[in-house]
Amino acid sequence: MRPVVRDFFTGFGNLFRKPRTVVFPKEKIIIPEASRGIPRLKLDLDSLEILCNGCGKCKTACSENCIEIRRETDDKGFEVLEEFYMDLSSCIFCGNCVDACDRKAIEMTYRHMLADPDRASLRIEKMDLIKQADYSIREFWGR
Amino acid sequence: MAKELYDGIYSSHKLVFIERIEKNIDYYLKNRILEVKRLQQELFCVLNKSSLISVLKELKENPEFDIQVINSINLFKSNGRYCLLIGLSSVANNYSMLLKVLLNSGTDDGSRQEYKEILPEIVQIFKAAEFYMSRNNLTHSYNDAVFESQVFDGFDSFDIFLSTDYDIINRAYLDTAISRVLPQNFNKDSSLFDLQTSVSRYDYSAGIFPELCLCLAVEELLKIKVSRRVQYIRILLSELSRISSHIYFVARIAKVIGADMAFNFSLLEREHVLRILEEITGSRINPNFIKIGGIKKDFKPETAANIKGSLSGILKAVYKLETLLLDNSIITAKLKNTGVADKDVALACGTTGPNLRASGVRYDIRKNRNLMLYKDLSFLVAMGKYGDCLERVQIRFREIYQSIKIIDQITSDLPDEYIKKPVDISEVELEYSEMISSVECPHGVFKTFIEMKDNRVLNLIVLGPSRNSLYFAEKILPGNRVEDVELIIASLDICSGELMS
Amino acid sequence: MKSLVKNNLNLFVAGFGCCKQEIFAASGPVYDISRFGINFTSIPEESDVLVIQGFYNKEGQSRLLKYYARMREPKWVIAVGKCVVDCNLLNKSFQFDDGFREIINVDFFVPGCPPRPEAFMYAILRLLESPPDY
Chain Z
1 MRPVVRDFFT GFGNLFRKPR TVVFPKEKII IPEASRGIPR LKLDLDSLEI LCNGCGKCKT
61 ACSENCIEIR RETDDKGFEV LEEFYMDLSS CIFCGNCVDA CDRKAIEMTY RHMLADPDRA
121 SLRIEKMDLI KQADYSIREF WGR
Chain B
1 MAKELYDGIY SSHKLVFIER IEKNIDYYLK NRILEVKRLQ QELFCVLNKS SLISVLKELK
61 ENPEFDIQVI NSINLFKSNG RYCLLIGLSS VANNYSMLLK VLLNSGTDDG SRQEYKEILP
121 EIVQIFKAAE FYMSRNNLTH SYNDAVFESQ VFDGFDSFDI FLSTDYDIIN RAYLDTAISR
181 VLPQNFNKDS SLFDLQTSVS RYDYSAGIFP ELCLCLAVEE LLKIKVSRRV QYIRILLSEL
241 SRISSHIYFV ARIAKVIGAD MAFNFSLLER EHVLRILEEI TGSRINPNFI KIGGIKKDFK
301 PETAANIKGS LSGILKAVYK LETLLLDNSI ITAKLKNTGV ADKDVALACG TTGPNLRASG
361 VRYDIRKNRN LMLYKDLSFL VAMGKYGDCL ERVQIRFREI YQSIKIIDQI TSDLPDEYIK
421 KPVDISEVEL EYSEMISSVE CPHGVFKTFI EMKDNRVLNL IVLGPSRNSL YFAEKILPGN
481 RVEDVELIIA SLDICSGELM S
Chain Y
1 MKSLVKNNLN LFVAGFGCCK QEIFAASGPV YDISRFGINF TSIPEESDVL VIQGFYNKEG
61 QSRLLKYYAR MREPKWVIAV GKCVVDCNLL NKSFQFDDGF REIINVDFFV PGCPPRPEAF
121 MYAILRLLES PPDY
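Line by line, the protein sequences give chains Z, B and Y.
Position one of the first sequence corresponds to residue 1 (this note's numbering), numbered consecutively onward.
Position one of the second sequence corresponds to residue 1 (this note's numbering), numbered consecutively onward.
Position one of the third sequence corresponds to residue 1 (this note's numbering), numbered consecutively onward.
Since the hints were made in silico from the structure, they are not lab data.
Keep in mind that this is a model prediction, so the values were computed, not measured.
Treat the hints with care, as some may be off.
Said to hold, decoys possible - With a straight-line cut-off of 30 Å between C-alpha atoms, the simulated DSS-like cross-links for lysine-lysine are:
| no. | chain 1 | residue 1 | chain 2 | residue 2 |
| --- | --- | --- | --- | --- |
| 1 | B | K100 | Y | K92 |
| 2 | Y | K92 | Z | K59 |
| 3 | Z | K26 | Y | K92 |
| 4 | Z | K42 | B | K291 |
| 5 | Z | K57 | B | K300 |
| 6 | Z | K126 | Y | K6 |
| 7 | Z | K131 | B | K297 |
| 8 | B | K420 | Z | K57 |
| 9 | Y | K92 | B | K296 |
| 10 | Z | K57 | B | K223 |
| 11 | Z | K131 | Z | K57 |
| 12 | B | K37 | Z | K104 |
| 13 | Y | K6 | Z | K28 |
Please model the complete structure; the sequences and the hints are all you need to start from.
Printed below as a string of structure tokens:
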């Protein structure tokens, strides 16, 4: 008899409880802070320039060779970053590139929902990597 | 007190015991082996092919050694020479050893021919070696029921060949043709840094253990002592992933039986545990967190408090899950007395971990060896008696409770130390050397054998417990009914990542 | 897409590997993929979408082609995880051969190692929203 009564009260209580299911497209699942999503290139907040100088340490640290960097010399003689390609189709989101960077120019966002019918569009370039900054704000998930 | 224990971590009575066996091997087998040494609580012997059979006979029959279990046989190439790696262990004397047998021929085909010739002789001594022989009887004429690899996780990496008498199984063979993904020369001469990021895929239901195993081996080679806080955090993570793996196992069992409520409930609980893991490591499955000489980053003091706070919820939920699944007389009647295996069969197959403990053998390398700081913590080794499917499910539940107990102890007194940065591997200089290390992963004893020079890993051989579980399944399936095949195989918790090599 | 298929989409998950547990986690109560009428089946004839994931060798590849041939039309293919989208993580020398690529053309790529359950669900929802012409 007792289990029947117990089950009745559990079932009755469930009527007033918030459902466990996250209604996915409407409300987003809040991802923990340390989670690893798409990498992005950081900007200097004052001058709005890219912190990365194209030293290539992340390229050597990447075990899957998904980063491609091209540098050029500017008119003052400094070497600056020209192109930064990242092939997300071969990225394993291990976070080694973030650890390798001395200037802390690269970091990982919370964005990870990637699906595309075209494989070539998963290879993203410098401007797109910077634009990921919009998505790194946690409020993105509340939108 | 604890500090003294920590200082004495590398010396205990267990190691003295291994030293005695090492001396005995030196005495008895002096002329027949080339070299014997002790690598981190395991023994390692190098010998020629001609003396292999006599050495194996001596090891089995001499009561000083008393080796009854053969764990694995691997063919690999080291230093331009083909070798055979044979894993042996003795549960009675509580030690395990690896034999490296140098083969004569230098070519690929010749070594395979030699391997085929030598296996029947090993089978006469250790019967379990027949699993590594080429199978002629995997054809449809021998077997009347063939299950191809299925969709659900856990049965997806092998085909089951059965020969039946009405609905009783006479013989069973499991074929892993589709899961042999890796080529034979794999993991040769790759850098340690690359290997560290990808090694966790070998045991994907609990990704922390392969990383831990690799790091323990390299730390032993470089003679790095890690701080107590790092060791505690490693234990914390490994116990958390043990809980998540065991809950996933319960989900699979519930799915096979058809208990949908328990299936959903266990997946929900798994989400909670994975969330804690993700908060610490940054990824749900493949953490890439444990580095050589430390961990990737320390966590905040609030995180420890959070984990401690959520433990009671997990404990309550797991208890609820257990009552939901096992308080049901229909489910217990189905689980009871199916797939019964006694002690001797389990030992002869080389099974380790919960499957062995369910048959009534107390063998847990967290207790039996000096594995990290497990001896500072108080926990019980969950034990079964009858070795049927019910026992194997119950033992997982008891292990979850023990893991929660361990995590509770760790989070209540986590030592407050500064964690040093991990060692920079690119500058390591090392002579050619070998190392074995083993950890207790949720499926059994996970062992790796590596050969290193500088920062290059010349050879990495993963000796996972799932291969032994497959052979164990072949042994216990005969005598059961065809409808219980899925249930028995699900209750052995086979992780297909370990079958790849 | 025909509304009958749209409201009752059956997935067939082939292969073995780490992505599989994340795909099945989407059927758990937190994500609950069956809200959209999506079910997992184990019979290729019943399924509409073939999900390719995990590790393959020559034997596994031939089996995948067999499953694909047994599926009824209309049929779609989703490739999940780094090992299928790019190259096998643990065995870089293995590639699907050209004959395979001619027969199976993938409609959606989901990168990640392994992708989170919501990433997989996002791909399914995009497939439901705007299915590629078959």
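Results of checking the hints against the structure:
1. B:K100 <-> Y:K92: holds, 28 Å
2. Y:K92 <-> Z:K59: Within the cut-off at roughly 18 Å; holds.
3. Z:K26 <-> Y:K92: violated, 39 Å
4. Z:K42 <-> B:K291: Within the cut-off at roughly 26 Å; holds.
5. Z:K57 <-> B:K300: holds, 28 Å
6. Z:K126 <-> Y:K6: violated, 38 Å
7. Z:K131 <-> B:K297: Since the Cα atoms of K131 of chain Z and K297 of chain B sit roughly 27 Å apart, the hinted pair holds (cutoff 30 Å).
8. B:K420 <-> Z:K57: holds, 22 Å
9. Y:K92 <-> B:K296: It holds: about 27 Å lies between the C-alpha atoms, which stays within 30 Å.
10. Z:K57 <-> B:K223: Between K57 of chain Z and K223 of chain B the Cα gap is close to 28 Å, so the pair holds against 30 Å.
11. Z:K131 <-> Z:K57: holds, 22 Å
12. B:K37 <-> Z:K104: Roughly 46 Å between the alpha carbons, so the hint for K37 of chain B and K104 of chain Z is violated.
13. Y:K6 <-> Z:K28: Holds - the C-alpha atoms of K28 of chain Z and K6 of chain Y are around 23 Å apart, at most 30 Å.
Going down the numbered hints, you'll see the structure goes against 3, 6, 12, while the others check out.
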